[in-house]
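Protein chains: 4
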Amino acid sequence: MFSTFGQNIRITVFGESHGTGIGVVMDGFPAGEAVSMEELNRFMARRAPGQRGTTPRKEKDTPEVLSGLQNDTTTGSALAMIIRNKDHRSDDYITDIPRPSHADLNAHLKFGGHMDMRGGGPFSGRITAPLCLAGGVAKQILARRGIAVGAHLAAIGAIEDARWDPVLVRREELEQIGRQGFPAIDPAKADAMLDYLDRVKDEEDSVGGRIGCMATGVPAGLGEPNYLSVESHLSHLLFSVPGVRGVQFGTGFAAAKMRGSEHNDPIRLEDGRFYTQTNHAGGIVGGITNGMPLVVEVAMKPAASIGQKQRSVSLSQNRETDLRIEGRHDPSIAVRAVPVIEACMAITLLDFMEGKNGITGHQK
Amino acid sequence: MFSTFGQNIRITVFGESHGTGIGVVMDGFPAGEAVSMEELNRFMARRAPGQRGTTPRKEKDTPEVLSGLQNDTTTGSALAMIIRNKDHRSDDYITDIPRPSHADLNAHLKFGGHMDMRGGGPFSGRITAPLCLAGGVAKQILARRGIAVGAHLAAIGAIEDARWDPVLVRREELEQIGRQGFPAIDPAKADAMLDYLDRVKDEEDSVGGRIGCMATGVPAGLGEPNYLSVESHLSHLLFSVPGVRGVQFGTGFAAAKMRGSEHNDPIRLEDGRFYTQTNHAGGIVGGITNGMPLVVEVAMKPAASIGQKQRSVSLSQNRETDLRIEGRHDPSIAVRAVPVIEACMAITLLDFMEGKNGITGHQK
Amino acid sequence: MFSTFGQNIRITVFGESHGTGIGVVMDGFPAGEAVSMEELNRFMARRAPGQRGTTPRKEKDTPEVLSGLQNDTTTGSALAMIIRNKDHRSDDYITDIPRPSHADLNAHLKFGGHMDMRGGGPFSGRITAPLCLAGGVAKQILARRGIAVGAHLAAIGAIEDARWDPVLVRREELEQIGRQGFPAIDPAKADAMLDYLDRVKDEEDSVGGRIGCMATGVPAGLGEPNYLSVESHLSHLLFSVPGVRGVQFGTGFAAAKMRGSEHNDPIRLEDGRFYTQTNHAGGIVGGITNGMPLVVEVAMKPAASIGQKQRSVSLSQNRETDLRIEGRHDPSIAVRAVPVIEACMAITLLDFMEGKNGITGHQK
Amino acid sequence: MFSTFGQNIRITVFGESHGTGIGVVMDGFPAGEAVSMEELNRFMARRAPGQRGTTPRKEKDTPEVLSGLQNDTTTGSALAMIIRNKDHRSDDYITDIPRPSHADLNAHLKFGGHMDMRGGGPFSGRITAPLCLAGGVAKQILARRGIAVGAHLAAIGAIEDARWDPVLVRREELEQIGRQGFPAIDPAKADAMLDYLDRVKDEEDSVGGRIGCMATGVPAGLGEPNYLSVESHLSHLLFSVPGVRGVQFGTGFAAAKMRGSEHNDPIRLEDGRFYTQTNHAGGIVGGITNGMPLVVEVAMKPAASIGQKQRSVSLSQNRETDLRIEGRHDPSIAVRAVPVIEACMAITLLDFMEGKNGITGHQK
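Going down the list, the sequences are from chains A, B, C and D.
As numbered in numbering that gives the first Met the number 0, residues 0 to 363 make up the first sequence, in order.
As numbered in numbering that gives the first Met the number 0, residues 0 to 363 make up the second sequence, in order.
As numbered in numbering that gives the first Met the number 0, residues 0 to 363 make up the third sequence, in order.
As numbered in numbering that gives the first Met the number 0, residues 0 to 363 make up the fourth sequence, in order.
The following block holds chain A by itself, in its conformation from the complex:
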């Protein structure tokens, strides 16, 4: 495991799905920042199970603060929060037969059979809860600096949501998604997605999805080429989220089919401020933010845990066998991952903001 991320701020997560507790240490976060635990809990509720389109499992992820906050204000020392695990049903998962495309077999090989893989252990989506605690705090700090972060379910299977305009997107649009139930922009698409998720669930199957994320109010100049470019740093964190299989910035893979004459974003000038007419770059050029909205999209694979019969092996008997997984599973991990992607964006942006405020040069 390598459980610490960040350059100017650092988060360290820990915990297994069915252990005693999980948590996060937020280190180097600025002092004197108000943290509303109420707002944080609302953010956490967005990734909680039990909503339509997700598993009925109950996780009440109310964090306990151990250090770093006094009078709801960051003190400057490491901010540690823990969440106790409660709702175990440890026999849900069979550990002798590794689940295809889940980490069971790899964890077994890598950690010599010692890993606590009940409920997926540290590979469970549950480990994204502490990531969201850090992301939720980062979002509150960024909001006071004029930066808004929002994500939505860009697609479930073949059903595509509407999308925000990468040039004109407003802060309010990004914030709205966090206030509603299901994280799709278009209500009609939300209904279609929910119906489809119910069907997938009935078929004891799962389905992949895509999550689009944007940020507005990001100052120009964040990011350090070569090896701390915005894309490098953000993708590093995004690919730590279980199930993420692809990350693209701006026009992304579609840019691979485009001509430069289409893809280049003309530079414009208005009231002494530079902007680009289009935003194929997704707000990042040369690894550095250019002041336009940040645009990133991730692909989530279908959840590995499905009810249908699958082929696997018995580790104890050293032979191939069938596997049928019982229990409560999300038909698509993409739904609950929406706030997780926001968390990744917020943590990465705060990390850059806590550097030299985005300017290496004569900022003094």
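Keep in mind the hints are simulated off the structure, nothing from the lab.
For clarity, every value in this text was computed on a predicted model and none was experimentally measured.
Each hint should be verified, as a subset may be incorrect.
Same chains, same names: a pair is fine if it fits in one copy or spans any two.
Unchecked claim - Pairs of lysine-lysine, DSS-like flavour, derived with a Cα cap of 30 Å:
(1) K256 - K188
(2) K308 - K256
(3) K59 - K85
(4) K85 - K308
(5) K200 - K59
(6) K188 - K200
(7) K256 - K200
Fit chains B, C and D to the supplied structure of chain A, relying on the hints for placement.
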């Protein structure tokens, strides 16, 4: 700038396109490893310009070794190589008018106007030459450990190359691509791509592309979840390559449309060795290699430098203006980036290999 | 704050003296290692207050494990332990008047007045409790690899303890110190120190001290010059311990007065094994261990908190004033810091051991 | 090897004593900073051999800049400088017989016999030349921010130099030392030291020494407890310098004998500015600078290379043998290490300064 990458080994690159020289320091590389400079120069030749489908600019990137090698064998101390810049035509690029979708404007803002942006400065594709020096050395070391890395031009615009089988791909196939001229698997597709690139060039335009990369012989157990997963670490480096706009592992974005019942890779057992029947996972599950071929694909945007007239601004006159870029440009940066992607893969894999040999647990 | 330390393993500590809790995340520790909580609690008891020569404050630092252990064995995921704070008497310390030579004023300036400085906040010696948790676990793992770590109170004020022989020291001697009450080698010196500490306490004063630490069974080859030399890495951690003002290896400052002909350690050969006849080097040459016992000594300043009247300032009234600190204080922080120094040594050694097993070269 | 140091700025050094060249990459240094190569060369001359009291070996360490400077101004990209090695007499050192207390044997064991140990290889004091290049640049930048760094030869053997007043030391005093020949404050002591060094040399011996270093103009608030305290970070770099065996801050080891009532620095207030009446703390409390002069001292061991006969082993013959080292050696490495210690101080301070300007909290 943030110019050092790696955990167990570390590479540090430096240089600007039209400065005195560029180079790389390879630190923590294992001692006692033979390095063939001849083989390294052959690898470097693959990213050199002057081939059909690329810019006619001449860069003879013959490195000079300053330290770390004795009798063509690594000593264990930092291995430093430099390449002198020669073929400047510094007036090719106009620096008062930032090129759309190039780093000019961002570099100007971030570094207070001090950056040496002639030829793209440190944002030029030229900085990938030292990356390839490190990658070329890493490839030689990995080859002796049974690991082969190969990449090909998966697509130029809408023209798609054939692809390697993600389960059955053989080492020889990966190595073949490095011995031939144009890096497409299918000769007919290579011809079509070359014709298309000529047309794009005639139209003073550029076009994007995709690069597919695989590795065979990778042991199971590499990668450290949470924040040093194989995907996190490799994407971090890949997104430092100028022009990369998307990275996907295994089935990647296509997985977002799939059902779990399709996407899950059944686990099989043969001669006491686990393998998966399909390889949608691209050889990485839970952030850890599983012994199957590694599969990654990157999207490259079209080069920003095109001859066609574009809209931009004059920094000195603070007004909008037209820009027409003269000079010699690659119609697609994807062509020469193929060995660069191999270099990223090789460096990342060697970094993991130089950790605890991929096994955290009972390795004692 | 910067709360994470380590290269191959990483520890992250958090907590303030009078906050809700303190703790540590041990990341990258090897899987499959038995951890005896009983032994760990015995180690923790060595730094607990309430013994003769220390403050009568009661801290029962029984840790709770949140993750990373199953059946008293490390799983391979991050091992998190927390300790709840209990025995606050928050009005013991006056925060408007910064205590001379304590972190009060600096913390005020650096963190904009937001730091929770009750009881010294995160600058309190209390933060060494989580460090000892990590060190205690590391010691158990190292012991199974034949490495013993021990420290003793080399001096309190002018009273000097006996010392271990830097060439012939035996594992049993190092282990013995942890089993006895007061950490001096020579019982007569222990009595003298205790009497002196009582007198210092009666005089409402404090006194400095020195702690000597050795390790046996350390393999040759640990340490990475240039910037991860054994001295660099170990001193980095040692100087994070509140009150440490000097660190020396081997003969240390005394070497500055010596001739090379005296100081050089003749290399000898016995049964095919190299050793040195003397050990002025303290087991480290060129930043690398040479297989001889490791020898390090630290200087601890006198505790800043004393009962005697001192000159300081009132922050609220912006004027100079007198300060008289009430409460329970250690007459010498060096006494309880003895196991803390052991913890630093153990963590650093385990970090190196978890690298390439100490050998960069032909280990394949 | 681990050749990169720094958090907000990073230096990477490379090179062996008798290889082709040595050098340094300075990464993350601020853009727009003037760098006088003339001043840098003057700084380099201070550690060059050939002065009285040092070896007569000629090293003309004139650096060549490869990148990162344009018009003598930092561009913001990595600043790389190299120095070519010239004056080899490779047969000076016998490599079959490891020199006692030199890195020969350890390097042999660690790097499997592959290390290029001619002239000490990467363990040679020569590797401090690139460190001085970085330190010299850092000093120029710091000077413009009002920070002066100076070091002197506090002692050679038993001969002690005068010392600067830790409260009242002026910038001019620190700068003076760099303008004079031999780096002692007191001319009489300088003479005594030089005479003594001649005698040591005549006796084919070497002798240790101490170097005192101070910095003025350092703002309060630098340093990040817990694990990036000023002491941790600075000692980390200092202990990477070959021959450093001890580091102490402020009163250091002498503090171990003091009472708190003597050692505590009373806090005073003058014209709205806090200061301390004494400076036993050496300008660092709680790991954070307090605005008082920084005070550090290092102990250097006697050079390992002496002409007198010593006992060692023949690696090829696997038996004990005598060794007599020919060649030109410094009677005390402490003399030429004086600017090296300044370099360490300057690099560390610039690293902190390039963070959040020393203030974590409400700096916005």
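Verification of the hints:
1. K256 - K188: both (27 Å within a copy, 16 Å between copies)
2. K308 - K256: Answer is between; shortest inter-copy Cα gap is 21 Å, intra-copy 39 Å.
3. K59 - K85: Both: 8 Å inside a copy, 27 Å across copies.
4. K85 - K308: Cα proximity of K85 and K308: one copy only (29 Å, versus 52 Å across).
5. K200 - K59: within (23 Å within a copy, 50 Å between copies)
6. K188 - K200: The answer is within: 18 Å in one copy meets 30 Å, while 42 Å across copies does not.
7. K256 - K200: between (36 Å within a copy, 15 Å between copies)
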